[in-house]
Amino acid sequence: MHKLVSIKNLSFAYPDQPDKVLDNINLTIYPGDFLMIAGNTGSGKTTLLNHLKKELMPLGNRQGQILINDTPIDNLSKLESAQTVGYVAQDPQLQPVMSKAIDELAFPLENIGCPSNEIERRITELTNFLALDQSLNRAINELSGGQLQLVNLASVLILRPKLILLDEPTSQLDPLTAQTFLNVLSRIQQELGITIVITEHRLSTISGLANRMILLQDHTISFDGSPTKGIEKMFQDERLRYFIPSIPKLFLTNHIPISTLPISVSQGQAAIQTDHLKFTAAKPKQSLLSETSKPLLQAKNISFTFDQTRNVIDHLNLTVNRGDWLSIIGKNGSGKSTLLSLLIGLTTPQHGKIRFENQLVWKLKTVDRIKKISFLSQTPSLQFTADSVRQELVVQADQLQLSDPASAIKRVTKQFNLTKILDHNPFDISGGQQQLLGLAIALMATPDLLILDEATKGLDPYTKVFIGKILKQYQQDGVTIVMASHDMEFCAEFSDHCAFMFDGHLNTLLSTTAFFANNFFFTTPINRIVHDQVPSALLFDDINLASEGR
Amino acid sequence: MKRLPLQMTFFSQVHPVASTIYFTELIVCLLLFNHVIVALAEIVSLIICGFYYLGVKSMTQQLKFGGSFLIMILFFNTLLNQKFQPILWHFHWGVITYKFSYPAFLYGMAMAIVLISMLFIFALLNKILTPNRLIYVFSPIAPRLAMLVSISFSLVANFIIKFRRLITLQKTRNVDTTSGSLIIRTKKVLHIFEIMLQDSLASAMETANLMDARGFGSTKRTHYRSYHWQVADIFFISTSTLLLLVTVYIRWLKIGWSGSVANFTTIFQPTDVLPIGFLLVLFLLPIISEGIYRACTN
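Protein chains in written order, with the numbering used here: chain A, 1125 to 1674; chain B, 131 to 428.
Simulated from the structure, these hints should not be mistaken for lab results. Predicted model, so just to flag it, every value in this text is computed and none were measured. Misleading hints may appear alongside valid ones.
Unchecked claim - Not everything, but these chain B residues come out facing chain A in the computed CB check (under 10 angstroms):
id	residue
1	Q328
2	A332
3	S333
4	F346
5	S356
6	V378
7	R381
C-beta: ideal position from N, C-alpha, C; glycine also.
The task is simple: from the sequences and hints, build the whole structure.
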């Protein structure tokens, strides 16, 4: 069979780094493959992916051979490379260079010298295939994250490549938008026969679409086979276990004997029905929230508009009690971030009042506010201010006028695993590390209120749980948390209350269990498969296997 | 009344080369005359066009900015032209004397109006000559420069959005640009620029790599947008060029122009009617053409 990509004995180490990031990789990718690369953060997934695109190959000490269509990758001309291998990056904002979607699609074709009529034909064809025709004349900065990532994919697909590489393309998207994006990828692979190679942390959807999975462990490929078998292999590794989607994890944890491990909701439901599995509720988790908690933050009838044409926040009311953990859920662009910005007093609403400890929040002096309310934005780098991680912490301790800055710095450094990167530039560290640094800065003050905007965005599942546990500890120590998130399972596991942001206001503010148990679309996979038996079950450890039926 | 979307107007559909020539003609005309009444005719026409093409909100903002700009230019002109008569008002403070003379006021007024008109022309140009139209016009002359200009448009827009977000989010680190003395505020803004630069450099490198990955620089670039000359374009540009030639001839006759500040003694001279008439037609040509375009609807 023809080999599209052939990697032989590839080893790679970054300059001045003694350890190899990739060690003796051997991999063959065939035309039409939908290959997912799984592995821990730092296992070399992105480095391996970048080795398949000549222009993105990292600098360093490399050994071995990479062939694309039987041609050594170094021998590919720029033109051949562009027309053979496409690449979609993790951050949708990084790729676009033009101001309108249509110009972004024309850009690669103009680069390869396509005549005008051919460009028009390809754009017409592709935009109809991807249903992008309505967004064509919109400005790039007006597109939502999902639409932008679709334009990025289209801008690569328009060159009609044989292979498309995607580096965690849905990590910045909400779950429903991510699902739509992955379904488009699946269509591209099935209907056009284009080979897809993707790295992903959220394995639940992708495992059902990919026909092949490789697992990177200890910088080499430890598994190459079907996603189902790959997940079984991941279960053997204590850390990789966190990456396993909740449905297969339920079956693997309970050692339920089954011929094919279910991954999707429909497969899970089918397995339960076929094997007559019965589940009972596990012991409910204890809520930290006291019945007599007093309000800490109150928003009354607030409205806010950016352009005087539409209220992004529309007559919204909210009371957050001391010691609570409230998660605000909603799609991209629903106004969650704007609401958080109002709650912390960074923006003032046109109407209504927001009171923190009975004081108008926007009237608090900045220096007083940062001592009582901490905020982590969804782009932590925009809150950085120094040249090194250590300096960031020193500056924050200084701004907070801490009595013992050294011990506060030591505490957060240890808590958020920052020791190894203390001397690194905060703008050069990975997205996950920036998130951890942002949290460390936010929690140096031991605030009364912690406001988090997508704190788990782009993090691997292990780090998410790690952060969740730390935040829970802070909550136990008296910190009230308000968090905007897309991450259903994280909200279900850690928050006390959840609310849905829609049409400028919050609705259905309920206890977490009641919220998810009553939702149909925005709920956890476990709730979907066992809702009939245990309506309150949200996570795999909320239920126990009562009987195996057979 | 609901405003017509910009892309549906005749002016935004004119051939990019014709639009470029037209805007150049407007700028030339602005520089040809310096009488207050002529400048007033020019700015009034531009304000009408501005309200029509840019919308009430955008134009009102520009007028507010223009108003403060006008006061500033007036002040400096009267300050720098102290020797003219008649003096309307004067002020003594120790050895300092400030004379507010009528010619200096009229001259300052004319200069301010011309400068503000220039800003209005660029505001219109920015909306009508979109980046891809600019690329089309300038690519044959300087292809790489045209591409860079286009990318800059998009980067500047992103830069402004990011800068605003930084100003807001840095308050969480006690960097508040709205408090403190002027020196402290300036230092804070400069610090934010420094952060912006660090953040932008990191992302610009990745963007450049992703441009390369999509074949940038692999061969000679082509252009998707192709524009064809229509009869209306030729009519539009011929009329405007004819009007420009007439106004140049009027200027050659030394009408609408005074060589010295001392000659600025009256707002209106009867001969000014001539340039005003032609300039009104030239500056309002897009609106007149809109009317003809609508009248020609089937």
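* Which of the listed hints are broken here? -> Of the numbered hints given earlier, those the structure breaks are 6, 7, listed in rising order.
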